[in-house]
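Protein sequence lines correspond, in order, to chains A and B.
In this text, residue positions in the first sequence follow the numbering used here: the first is 1, and each later residue adds one.
In this text, residue positions in the second sequence follow the numbering used here: the first is 1001, and each later residue adds one.
Derived from the structure by calculation, the hints contain no laboratory data.
It cannot be assumed that every hint is accurate.
[Claimed, not checked] Computed beta-carbon distance windows for the label pairs:
id, chain 1, residue 1, chain 2, residue 2, range
1, B, 1031, A, 16, 30 to 36 Å
2, A, 46, B, 1060, 39 to 45 Å
3, B, 1104, A, 32, 24 to 30 Å
If you're wondering where the values come from, they're calculated on a predicted model, not measured in any experiment.
All C-beta atoms, glycine included, are put in the ideal place defined by N, C-alpha and C.
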Amino acid sequence: MSTGGEKGSATTKTPADFLKSIRGRPVVVKLNSGVDYRGILACLDGYMNIAMEQTEEYVNGQLKNKYGDAFIRGNNVLYISTSKRTLADGA
Amino acid sequence: MASEEESAVKEPLDLIRLSLDERIYVKLRSDRELRGKLHAYDQHLNMILGDVEEVVTTVEIDDETYEEIVRRLLEAYEGQGFQHCLGKQILFAEPFHMLNFVIQTTRRTVPFLFVRGDGVILVSPPLRTA
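Using the sequences and the hints given, assemble the complete structure.
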């Protein structure tokens, strides 16, 4: 909870602060190819490389794959968005 | 918070480090997938994989100029699950009746493979239940 798992966006000042604040939160990561990855953001680095858990791969809105853990190379990332996950989190 | 205590994943590359000597799944650009044992990697995600199975998904079509159209159609069609169409000829109704193509997956195995990092989209370690 150190970096503010509570209300991340309220204290966000810069993009980097935002990224710090959303660790452990459910996110949607969209790649340049249009593919979406939904899961729990484990961590990320300055290249926007991303480690995710319980990842689901959506192509054209259709679930195509699931990965327990996934590493996404940062250069493919279009955006990272927080999401209200179905039931798991009270986020 | 479970994520931080779990396996000492402090930065994304730790996920790769923890997969050394394990079989991993790698999704590459241009519809390529690899499964193999991770022998080495660096910060670019250059990797050396052993006992690799490569799967390449391609669309074969009579008229090359339609490839882009087919690709989009497939993406739309894929939503309904085109896996069962693999290797079969597919004919769309009007206005695409002229398109005659086949989706194919080509597999090969390679004893050792050096993968250049810039082609990597996603890496998934083996399922760890820890």
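| query | What hints, given by number in increasing order, does this structure fail? | reply | none
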